[in-house]
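Asker: Each chain, written out:
There are 2 protein chains.
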Amino acid sequence: MAEASIRIGILCCAEIARKVSRAITLAPNVTIHAIGSRSIEKAQKFAKENGFPPSAKTYGSYEAVLDDPEVDAVYMPLPTSLHVRWATLAAEKKKHLLLEKPVALNVKEFDRIIEACDSNGVQLMDATMWMHHPRTAKMKEFLSDSQRFGQLRSVNSVFTFGGDLGFLKNDIRVKPDLDALGALGDVGWYCIRSLLWAVDYELPKTVTALRGPVINEAGVVLACGSSLQWEDGKVATFHCSFLSNLTMDITAIGTKGTLHVHDFVIPFEEKSASFSTATNSTFDELVTGWATLPSEHVVTVDLPQEARMVREFARLVASIKGSNSKPEKWWPTISRKTQLVLDAVKASIEKGFEPVEIVS
Amino acid sequence: MAEASIRIGILCCAEIARKVSRAITLAPNVTIHAIGSRSIEKAQKFAKENGFPPSAKTYGSYEAVLDDPEVDAVYMPLPTSLHVRWATLAAEKKKHLLLEKPVALNVKEFDRIIEACDSNGVQLMDATMWMHHPRTAKMKEFLSDSQRFGQLRSVNSVFTFGGDLGFLKNDIRVKPDLDALGALGDVGWYCIRSLLWAVDYELPKTVTALRGPVINEAGVVLACGSSLQWEDGKVATFHCSFLSNLTMDITAIGTKGTLHVHDFVIPFEEKSASFSTATNSTFDELVTGWATLPSEHVVTVDLPQEARMVREFARLVASIKGSNSKPEKWWPTISRKTQLVLDAVKASIEKGFEPVEIVS
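So the protein lines, in turn, are chains A and B. Quick note: the first sequence, position 360, residue 359 per numbering that gives the first Met the number 0, numbers continuous. Quick note: the second sequence, position 125, residue 124 per numbering that gives the first Met the number 0, numbers continuous.
Think of the hints as simulated: they come from the structure by calculation, not from any bench. A virtual CB, placed ideally from N, CA and C, is assigned to each residue, including glycine.
Stretch by stretch, here's where chain B covers chain A in the computed footprint (C-beta under 8 Å, at least three residues): (1) 202 to 216; (2) 219 to 226; (3) 234 to 245; (4) 250 to 258; (5) 262 to 275; (6) 284 to 298.
Use the sequences and the hints to build the structure in full.
Answerer: Shown next, in the form of structure tokens:
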């Protein structure tokens with residue numbers, strides 16, 4: 000191969016690291032170089048169970064991965080509360096960074112990560128996989144089409160799943176010292192990202208949490224919602240929850256068109272994914288039916304979205320390594336905007352559902 | 000026929016009366032007996048264009064319809080601001096009443112209509128057609144199924160359409176002296192009804208309008224949204240608008256299941272209608288797809304929903320006429336609840352998006 004493979008180290012044996020390990024294996028321009036866990040046995044077990052190449056190293060600490068000079072970049076699915084510490088250290092060790100979401104406990108922490116990445120010239124990208132699905136680009140084409148969609152007026156996003164009793168008691172996502180942002184940081188992250196995606200990442204003017212969030216005894220959000228408004232009159236809502244059946248929708252409504260998708264984060268099937276659009280919808284003459292029906296669009300997939308994510312990340316890293324190009328700022332910019340809105344939802348809940356102004 | 004046909008008089012030549020005229024023609028137990036308009040020519044033209052039977056009378060006033068002793072019941076699609084006057088008068092003239100939505104400008108007015116109907120022993124039903132579609136009952140079966148759906152946690156409803164410039168300038172639904180409730184009273188009525196329908200008509204504890212409604216120069220709502228909360232933690236949101244592409248969704252999420260429907264008010268097609276359900280949705284082992292897919296349910300239709308509505312209304316009227324049964328209270332009860340929530344949304348907008356407690 001003309002292009003050298005980017006060598007990735009994985010920081011911790013989180014469940015999600017299994018899927019990303021497979022993605023690294025599938026992506027053409029990257030290899031698994033190492034995995035580090037606080038327990039060497041756990042790292043070895045993980046490497047074995049996930050079919051790591053024989054060359055892959057296993058380490059009994061995160062530091063060891065960061066100190067391995069052959070590691071170009073790290074994938075970091077650590078609990079959110081540990082991000083600022085390990086992400087800044089990784090950057091200081093000149094490791095490019097693929098960081099799980101939510102990127103930080105708050106935007107102040109994330110700014111420290113950005114600053115560390117900037118000053119060390121390393122690429123920062125969050126691991127929001129659906130951004131890399133080819134369907135996402137196709138849906139965006141529709142939303143950007145002034146003839147088919149017009150101007151966006153409202154958008155609603157939902158991501159819920161039903162955590163079982165074990166999850167609701169023990170998962171790191173319900174623990175204030177681990178993923179303290181709970182459902183808002185986990186499933187809510189995707190909702191917020193989808194709203195920002197729909198509006199070309201224009202920040203809303205105000206964010207107002209909806210009354211009735213569910214918060215556990217430790218103070219972690221298990222379910223919540225919010226409304227968002229933009230300067231020009233666009234509005235949005237989202238609902239996220241650990242307490243109801245798995246559902247993930249985007250409904251975007253423009254002056255001329257409507258987009259529906261029901262599996263935006265994880266498509267129903269890996270090989271192809273669909274969405275529905277409607278344009279200039281009207282009733283028939285007597286209003287007993289619709290004159291035009293929505294149409295379904297199917298997008299086939301060569302590589303799974305997470306492998307495309309890894310491929311894109313590795314491409315940027317290779318470009319920095321090989322031709323001294325600068326890190327791509329777009330990715331941390333949209334991560335930061337997502338975190339900013341997330342912080343505002345949290346602040347609004349804490350302020351008794353008062354609107355929170357977004358200051359970028 | 001064993002059962003005598005109920006004779007309906009239509010009060011005014013509104014656009015929607017065309018569709019309901021056809022429904023009366025299609026329904027087996029009811030006939031069009033008369034139509035009244037402020038202009039006799041308009042009534043005659045309407046009768047001719049809509050294929051009224053030769054026996055149908057045309058009147059140059061609403062009073063004349065109400066004074067016709069052969070009229071059993073009236074269908075009243077008058078502008079909302081006229082409902083209280085004409086509906087109470089109809090009741091006093093012992094005419095059963097099929098009343099267009101929104102039923103009144105506020106619940107206080109509607110209570111006068113209820114009182115008039117009660118004291119005159121006439122049936123009152125609002126003309127929310129989708130309530131009568133067999134799909135609606137099928138969807139309700141799903142929502143009531145503790146195995147397939149569990150307990151409802153959140154529900155979102157949307158009804159928007161794009162009014163053209165003529166509509167936004169001249170339609171009665173944007174005029175403060177006619178349908179003063181604007182989009183909230185028109186499309187919002189359906190959203191609110193669908194939320195109440197989903198929760199078995201349990202009234203929410205609080206209603207909070209969402210920031211960012213669009214209100215025209217005359218003070219009429221062109222687009223707005225609201226969040227609702229119930230005592231037990233259920234939450235809901237809706238969005239209604241005259242300013243964006245025709246869209247009508249219900250998304251109801253329970254602890255075990257999810258319901259999606261995209262044409263709840265007017266099904267895409269008259270002969271059959273579908274909805275989608277999912278139960279115990281989970282990801283596959285590696286979270287690269289869903290282990291189970293939502294399923295589509297198709298309900299075929301013998302009579303269009305509006306004809307089923309007319310048939311049910313006429314059945315109740317016949318039952319009162321024939322066997323001295325009492326008017327069915329269920330229909331005005333759910334109309335009143337819908338109006339109560341609608342009033343609360345309006346009040347919340349007027350109070351600067353403060354939550355409004357619902358007192359039944």
